[in-house]
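Protein chains in written order, with our numbering: chain A, 1 to 698; chain B, 699 to 1180; chain C, 1181 to 1454.
Heads up, some of the hints might be wrong.
Stated by the list, open to error - Straight-line alpha carbon distances no greater than 25 Å define the calculated SDA-like cross-link-like pairs of lysine to any residue that follow:
#: 1; chain 1: A; residue 1: K94; chain 2: A; residue 2: P3
#: 2; chain 1: A; residue 1: K94; chain 2: B; residue 2: A1013
#: 3; chain 1: A; residue 1: K670; chain 2: A; residue 2: G365
#: 4; chain 1: A; residue 1: K670; chain 2: C; residue 2: E1349
#: 5; chain 1: A; residue 1: K670; chain 2: C; residue 2: P1313
#: 6; chain 1: A; residue 1: K94; chain 2: A; residue 2: V71
#: 7; chain 1: A; residue 1: K94; chain 2: A; residue 2: A184
#: 8; chain 1: A; residue 1: K94; chain 2: A; residue 2: G192
#: 9; chain 1: A; residue 1: K94; chain 2: A; residue 2: G33
#: 10; chain 1: A; residue 1: K670; chain 2: C; residue 2: Q1346
#: 11; chain 1: A; residue 1: K670; chain 2: C; residue 2: R1391
#: 12; chain 1: A; residue 1: K670; chain 2: C; residue 2: R1348
#: 13; chain 1: A; residue 1: K94; chain 2: A; residue 2: D81
#: 14; chain 1: A; residue 1: K670; chain 2: A; residue 2: S344
#: 15; chain 1: A; residue 1: K94; chain 2: A; residue 2: S162
#: 16; chain 1: A; residue 1: K94; chain 2: B; residue 2: A964
#: 17; chain 1: A; residue 1: K670; chain 2: C; residue 2: A1343
#: 18; chain 1: A; residue 1: K670; chain 2: A; residue 2: G192
#: 19; chain 1: A; residue 1: K94; chain 2: A; residue 2: V185
#: 20; chain 1: A; residue 1: K94; chain 2: A; residue 2: S55
#: 21; chain 1: A; residue 1: K670; chain 2: C; residue 2: D1341
#: 22; chain 1: A; residue 1: K670; chain 2: A; residue 2: A681
#: 23; chain 1: A; residue 1: K94; chain 2: A; residue 2: P153
#: 24; chain 1: A; residue 1: K670; chain 2: A; residue 2: L352
#: 25; chain 1: A; residue 1: K670; chain 2: C; residue 2: D1344
#: 26; chain 1: A; residue 1: K670; chain 2: C; residue 2: D1224
Please keep in mind that the hints were generated in silico from the structure rather than gathered at the bench.
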Amino acid sequence: MGPYLQQILLSSGAGAIFAALAIGLVLTYRSSGLINFAHGAIATYVAYTYTSLQSSGDLPVPPLPNPLAPVEGVFGVEILDFPDFVDLGDGWNKWPALAGALAVAALLGLAFHFLVFRALRYQPPLTKVVASIGLMLALQSAVVIRFGGSRPPPIEPLLPPSVRSSTVDVLGTIVPWDRFVLLAVTLGLTAGLWALFRWTRFGLHTRAAAENERYATLMGISADRQAALSWMLAAVLAGFVGILVAPTTSLTPFNFTLFIVPALGAALLARFTSFWVAAVGAVGLAMAQNVLLYAEIDHGWFPDLNLDAVLPFAVIVVAMMARGQVLPPRGAVETGRLPQAFPSPWRPSLALTWVALAAAVVIWGPFDYRAGVTNSMIGAILALSLVVVTGYVGQISLAQLAFTGVAAAGLASFGADAGIPFPLAPLLAALAATAFGLLLALPALRVRGASLAIATLASALAIDELLFRGDGWFRIEGNPNRSFDDPSMFGVEFGPTSSFPINGDEIPTPAFGLFVLVVLVLACGAVIRLRQSRLGEQMLAVRANERAAAAAGVNVAGVKLAAFGIAAFLAGIAGALNGYKLGSIKIDSFSVLANLSILAFAYLGGISTVTGALYAGTLFASGIGVVLGEELIELGRYETYVAGVALIVTAVVNPQGIDGFDRQQRERVKRWLRRRRARRAARLTAASAAAGAQGPGP
Amino acid sequence: MPPLNCKVGPGPGRARRMFCDDLPAKGEEGDSIVLITQSRRWLIAVCTVVALAAAACGGDDSDDNGGGAAPATTTAAPAAEAPDDEPAATTAAPATTAAPAAEPEAPAEESKPPIKMAVINQEDGLYAWPEVSENTRIFVDWINANGGIDGHMLEMDLCTSGDDPESAQACAQRFANDDSAEFVYIATILNSAPVYEALGPGGANKPMIGQMLWDVPDSLQPGLYSTDPGLLPLAYEAIRFAVEEDGASSLAVLVDDSDIGEATLAVVDYFLSTLGGATLTPVKINMGQADFLPAMTRAGVADSDGLVLLIAESAACQPTRDAMEALGVGDVPAYLGDWCVGEEFRTSGTAEGWRMVTGGRGALTNDPQAQMVRDVYEAAGAEPPAGLAFAATMNMDFLRQVLELAVERAGGVPTGADVTAAAEEWSGSILLGPDTMDCPGVGIWASTCNSAAIVISLQDGEWVALEDFQLIDVALFDPLLG
Amino acid sequence: MSAASRADGAGAVSAASRADGAGAGAVLETEGLTVRFGGVVAVDEVSLDCRSGDLTGLIGPNGAGKTTLIDAVTGFLPGNTAGRVRFRGRDLTRMAPHRVAWAGLTRTWQSLELFDDISVRSNLDVASRRLTPLGAVRDYLRGSADASSVDQVLELLGLADVADRQPRELSQGRRKLVGVGRALVAGAALVMLDEPAAGLDRAETVWLGDRLRSLVEAGYDMLLVDHDMSLVLRVCDRIHVLELGSLIATGTPAEIRDDPTVVAAYLGSHGSSR
């Protein structure tokens, strides 16, 4: 019992950190109705600001757009130069630096409210998720752009040295005081938030505005002001937590972002409602993790299954499922309007044009365009998986990348290890991914909306941990040698280095690109057909209204299972193709968070249509969009930053995504043309009528 | 029938729309009048993004496009010593390294063709080191300012990547396809496997100088030459020191919870068996772990004769040390690899207490060669690199020495084969390496260059070498390869 | 709506349902149906029936438990329901909603709950046939035409001209008809209409009532749930009255109109009777 107790007691530090982040997430959700994936990034940015102020008195300025840049570029002059840092003297003392950093945090919160989230008030949850993902990407990149990869200089921690070095003996375990202080501070913050929401006017007004804005406004409560204040509070809270715990966890650009995942789990357990449950849940999560880790060591025979990462989330997801309901209760807020899933008639001539164009680029284009187009095509297949599960059925899935990982691993096992030949091996691999997809559909049967999004994220984490780490079933070695044989059929190889009559001396050779093109055409065709089919119709019905669909005879559970299964299969195909392309795969700690980017870019392209998936593909990792962009502007270290800002801008200005915007504009043009024709016809009719009236009689 | 009624409501996107029923079917097919409002916002938003991106372009002296258009040039600082009239090739003209290799050695006044230096650096993403691009550029400028490589100026062609493996692959493929790139300098990279795939012996077979990170153990790569011995040999040195010098019979070992960590554990296990079988308690630490304290307890540090930190991430150094102090086991000897040898670690005071550090690079405070590096940067008005960035600079100087050998060998601009041969023949000192350090290592451990692990310790606030440079005999590792 | 179209479409369907049903017997029967939410009893031991060929009415003031009763019967409250529900001889108690629909018992919603992003035709098509996994695969590979009943119902309800529009483009009245059409299209044996007159003015309510009457005469059995007394009294053949979860009266419109308990319930509560 002793060592287990020790693990429990020593978990107070980690527990406090997770809890502090979790209550911030609950705060943002309760006041703005959105899950703030950027919470950890705000903590990181503010903590770095504090470090900078304390060590050198420099205030970092986030990269700001220079509106005069085109002018400057044309004339070769520099008119406006935003500084990277503002020199505010020499290194500040601890407390002024804290005040300064928290002031920056408040300003950030205010800015986020006014520039971004105020406009998103009435948008569906998915749009808000995309905006917060964009914010996360932008803030993290801002940190790396300003401070680089080297570790920040050490600074004086908030807690005085006397606290940091003293320990206390609890039941035979020596625990450093500062861990308990952290825990106490976190619980104090929790109590503060709880009291704030329960007893103060601010809390009351915020709750009112969140629940029913119209009535709140009629009562004189400015929902806007409440939200602004809440954002400032949340940002300051995040910043304070970051500064407080940075010495314990060590400050890097990615730490707090990684901690967001367990914080989300705890917030999910609290249903994003109760501060206390979130805090206690987070502490419990940390304790469970460490106890399990110790148990693995204690019982050495136990395989290293990374249960510490898996089990707590499994518990949370199961708990959600047990409390969830098969159909949303009456009056529950539905997902809100997702972008329109336009009908997809077959357009063979259009398709043929694009296929010809893509094939031409792949065969005759320069190799970087070829690589870009190939990456885009694989990305488009992955985006198609999101079109099916999120666009058509409205289930937010943040686990698609995990399915690609399963398939890639499966390909390595079936293909390279077991020697199963080409078309069978990747298909089996995709089926393996499908099995996991069906498993993931189970939470989807009882949990919905934002909670489902988190549940899928947690499941993605579990899949990664179980399969790829420790003694997982599909351990992928960082092997310099190719893990995947080139795909080939009837003696013809079509891998990235396989020979090809034209441009065969530059890698990647056109062989692979053409292969991927064929697969993409098949995938698009399959999804278009799905949209036209009755199953597709039922999917849209489930997306529009689950209850009504059930009452109309739609087997909602069956439809969801089908959706997740199909989506996982598509993601699996993309994963297998990726494996062939890269020659190896790797799963690391922040693969889980890459799932967020995938969803965000799929949304940007247009999440409800096949065309949208094609747009999304161009924007993914080193797709043709990126390649073309680099031809115009060298973004280098600003790539992710610009991507994040672009996501925010899209969410705010054009929630329909690129495809939706495109259709909208085409409709405008069509309508304008029609009206012109009608006007012309009317004029002609009027003219001929006038002429006829004056014409000679019969 | 109910009367005709119309009303205004939400439409697609931000448009508002008027809906009526039973409008006459004649004429227009559309039955609604679309009032598009707020479309100007879209325009402003697009302009913002473009301006942002354009500002990014104007913000740094970007040498180059990642897209393979015009290869870039370095701004060659006017050479005070160089007698030749080297045109400062700052235009976007394609770099001509096509000078025939057998070009007769021209008299000193004639300009020699430049040497193209392909560079890959990760500038974007969570594991980015954007400052290394600048550091590399400064060092290249310094080389060129001091006569280049035997009169040949270095022309840097930089390709940057992000966290995703595709971008690393794109850079690698670009240089693999570029006939004028005979060798590639790897500054920092996260996804090394696709890079190795494209440029290594299985791909374009171009020599790589520098260091891979994370997913490909450095020490295992033929075709990659580095003065960084890599995690495994450093681990060996730390273990050896602990067992042989300090007489440890049980060690707690902290590794990263990843494939590299797994490989490291296997190697450490093997080492201990060859060194007389001290016992090992492994503890894997996940990067997402918020607090090292419980992990330290699980490592049973109190019952061990020593703790070895083998997580190649400098963010782990201070928390480990703090955790040991907090648990009251600060007296247990602790050994680490060189990732904690940065200046900030030294000046922060948290470096106190480590028994020793193994390093393959110039960390010694008072060393003249390390000072030379710092002088280079101070002269350029830049911060001297720290930590991993300093390590990258080591490899730059290694590259310089190798290129000099290669140029000598080729009698002009070297080919890839020349560079490879030079790297394998190279023997010398690299900013605090031993004089007898030489390449290659043995067999698959070729890239370790039989390089040194120095035993360093912090004494009186200065890094000092505990003893002579210790050469790693990589032949020791051969049985591991099975 | 011509008599011919009525006879064409609905006739065939209704004949089938009539043949299955027990002549003029009960199509739907509840026995001691009780719905509890925690400590609150929303429906208390309600035993009522709907007879074949009738337009049955279920009225009561707001909060009487009418919608809850429909929810319970159609399987939306499995954890809260006790008692029995029998439909055309089958026990439907706590059956999943989609199975209830397959058995021939459909409903409309007070708040319409249409599928906003798809066309009117698709709204109906979704409900028109059961889709089994095998059927889904077959349809995916070979395609299938709209069920003929979709066109018939569209004609029947006068929605044929807007079949390809989206519901949000229609007027409120026509949207309600889409909801009704969705409930009719699978050849339902009994359609439960939940407050169909909500939001309609006097004239529109009368018009709707007439349409419902004609649908019943075309062979669709219906249960009309509303709190608008005048509508229900006007069009229904038989009426049940609910108050605070209990059934307080059953009878013909004439009987209900004069029933003192009903009058007291309506006057006593603040329910409106337009």
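Legend entry - Earlier hints that do not hold, by number: 1, 3, 5, 6, 9, 11, 13, 16, 18 and 26
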